[in-house]
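Trainee: Could you fit the two chains together into a complex? Lean on the hints.
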Amino acid sequence: MSRVSRRKFLAGGLALGGGLGLGGQDGAAQLLIPWRGQAAEAATAAQPKRGGTLVAAAEVDPVSLDPHTNSNFSAAQGF
Amino acid sequence: MLAQKWELSNGGKTYVFHLRPNVKFHNGQTMTAEDVKYSVERVLDPKSASPWRSWFDTIEEIKVVDPLTVQMNLNAPYPGLLGSFAGMRASGIVPKGLAERENLKIKAIGTGPFKLVEYVPQDHITYARHPDYWDQPLPYLDGMTFKILTEETARVAALRAGQIQYAYVNAQDAQQLSGVPGIKVLKNLVASVTLQYINVSKKPLSDWRVRKALRMAVDTNEVIQKAVFGAAVPSGPIPSGYGDWYLDPKTLPYVKPDIEGAKKLLAEAGYPGGGFKIEIKCSPQYPAFVATALVVQDSVKKLGVDAQVVQQEWGAFVADNATVVKSGGKEGGEIFTSGNSFRPDPDGYIYPYFHTRGSVNYGQYSNPKLDPLMQQARSIFNHDQRRSLYIQIQRTLLDESPNWWWYVPYNFEATSTRVQGYSQSFTGRRFLLKRAWLGS
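Protein sequences, first through last, are from chains P and V. With our numbering, letter number 9 in the first sequence gets 9, and the count goes up by one each step, no holes. With our numbering, letter number 311 in the second sequence gets 1311, and the count goes up by one each step, no holes.
Hints are supplied without guarantee of correctness; some may be wrong.
[What the hints assert, rightly or not] Keeping only pairs whose Cα atoms sit at most 27 Å apart, straight-line, the calculated DSS-like set for lysine-lysine is:
| # | chain 1 | residue 1 | chain 2 | residue 2 |
| --- | --- | --- | --- | --- |
| 1 | V | Lys1184 | V | Lys1226 |
| 2 | P | Lys49 | V | Lys1147 |
| 3 | V | Lys1024 | P | Lys49 |
| 4 | V | Lys1107 | V | Lys1024 |
| 5 | V | Lys1105 | V | Lys1024 |
| 6 | V | Lys1263 | V | Lys1302 |
| 7 | V | Lys1107 | V | Lys1096 |
| 8 | P | Lys49 | V | Lys1184 |
| 9 | V | Lys1226 | V | Lys1263 |
Calculated from the structure, these hints are not laboratory results.
If we strip away everything but chain V, and leave its shape as in the complex, we get (with noise of 0.2 Å):
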């Protein structure tokens, strides 16, 4: 943590970050309040259109005090803040002015156990130990190579070869390989949600009875099967076993299909046998998520509406959503299927996706009632008033279904038996691999 402690007063609107003393970026620059004021405020700077911009909305001002110590005033309490700085996203500091220096889409330069020291697209990324960094003796290895396998038989090849010693594989690679001596399997569930974005702008998908109806026509432990080998747990905005902030899956609506009810509910919105369009998005660089839509389009012929599967390459993906939010649900496309993945708050699967102001509005979703329980929500440090508002809001999400909500899975990871001391986090991130070593 580059924060060793801090402070809250006023009301939960003035937060005093003491910072760690003499914490060196890669380049060997000593880390300042200055550096997190600059990171913060490129996050908040709309011209950046950062997509965390809701975790830290909140902050009004950042002041320096002194090289070690800066204080961040904020327009109402906002209990998620500690977690944003704790989210391993946009908390990332960087030394001041780095961006106007460096293109940052292949350039990185941080606090962090490794160091980046050649990123080649579609190739390989390779990262060398921090000599500086603050938490020694970590990490241990002297460096880390990552070759970009996109294509899961490639990443299974190389682990049974020996020309790989970690990678993520799925639930059936997972079962093949547990027994292979060399090799161990470590699973884990994730605090990810698989979904699907919709874009309410448009008709039909602008009636919420519309995209319950289609929600109502799929079953969940099909999209499970089919996508993830069974490998996963039903789930709804905020992932089924986050603390204690999810809805329980076995009080899940839908999970289930219910054709009939969804046929009579497509008739009350206007659209009786179904007899229109629409289109869902996604990448086969996820084969769970191309699966997921799959799944739906098969299901959704039950009640007459044609669904058309489009696969795009990743990155034209992430174009077209980014899209949506840009032209106000005018372009980009209908449905996208995606997930989010950890947040470090339950607002953060919350707010910035459903409010009118959410910097991830993907589907442009509105409702004028929900707006002020969100705003709430994020607004007081009482836990059970919290979770309280949290599992109201997450119920109308669900009737209202401005997103499909699917699973959340099961994370596999496959190691070399040499690979020591790494163990999996339910944030899906791989950051203990600082902790990593290689045994004989």
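Next comes chain P alone, as it looks inside the complex (with noise of 0.2 Å):
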């Protein structure tokens, strides 16, 4: 009995992501934007605090919460 592990997984089916540099686009349409905006969240060095409620806004309607039978993507977005 093989044993698929969980970085050989990762590694072979879920290596996303990683292909076109933020901005380099591998040669395609450059972002004709000139950005200004912050880059990813680096991992902070403040200790996470817990409590509160994040208020949030849903650009889209939920058509259904069902996640078996529904397509869309705003049912994707329950937690």
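Mentor: Okay, here's the thing in structure tokens:
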């Protein structure tokens, strides 16, 4: 019985997003808007603090919350 | 991960999953192998009409070995199966019998970091911290309230006013917000392809030369500029940036328009000077999709083709899209502007949509020469052989144009600077909110 390790699985199946550098686009269309925003947040040195409620916007009203029978992206936003 | 470890045997046809002990559902019940069996079988049940069936359809039998061990016997090797379980879509494990007891359109019980408190359509969704979440000490937040703000301007105004602390925004607003005190903007490429599904059941779109000619008339960079303000990368069927499975954007055909070539191809198909009408559906829920449809409409005019753009409420759009599949292409519509968001395996962008038996073959496309290649690509474990097949399949699909693929967008998320610990995901999912916390 051969075991597929989690590391091997992740390397083989889900090694994603590494091919195109942000802003570089591998020679494809350039990002036409000059970007002044911040890069993805680096790991913060501060200690996480428990508590509080995040108030956020949902850009889509889910058609359904059923994960098994619904294909639209909005359904997957539930936690 | 709800499975702590797994074993693969029998030439890739038997998986044994060992579940994490003492995982609690949001209702306090302990998750067992029976719940896993129920959840997966629900996806596979034809009565569910699950669009995700293709992710699991190699599973022939699910056996509960003991409360924490479940065995799945496949009818063919499927290297994408582990990805299917990691895909955050149909892999949601719910308590056995839940769908028979609750209306899952508005209720949810899972094992995730937040539990649903209330969903009021068109208004808000409220979540509370799942106190028994298996991956302690996560989550850090006590809860989350998502106000349903479908208008971009409303989201941006709420952010600026400090009424909300997190939102998706478009590239233009991201640029405007990036210098605003108290707001930070995150940006990343996501594994989501904006595209148009084409119902290939009826003339003239049943002819690949017509589909290809119309595609050749459109400038991909114009689509990108008008739809997402330039913040995207051209893409083929598998999203640009998706491991090494995608076609190099530099090698994609039709990025630049070829009007003369398109006219010639249309004439070969029996439509010199165009002279026919097509209908393109889209939803204003997604302004980028509407803009994409309008560029296509404008472009195909140059071929003498009259494209009508029909804007629909999102629910009606989704229903019409499903009608095409249910009616075998007889009803529902001709062209649908949408997107294929993150799929956990390259197979997810190909087989379900283009194999004759695919579960979301929205366009009713069928190619007897391509079917066995798609079957083979999803059945072998050798990475290089799989990759070679997927490259070949994508090239054929581009040539036959059962979809028109446009771009992979950048994802912009704006948050209050109080929001700490959150990072974006190439999946486009915001599941990493489970690591977010509020600073002072």
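Trainee: Can you name, in rising order, the numbers of the hints this structure does not satisfy?
Mentor: Of the numbered hints given earlier, the structure breaks none, since each of them holds.
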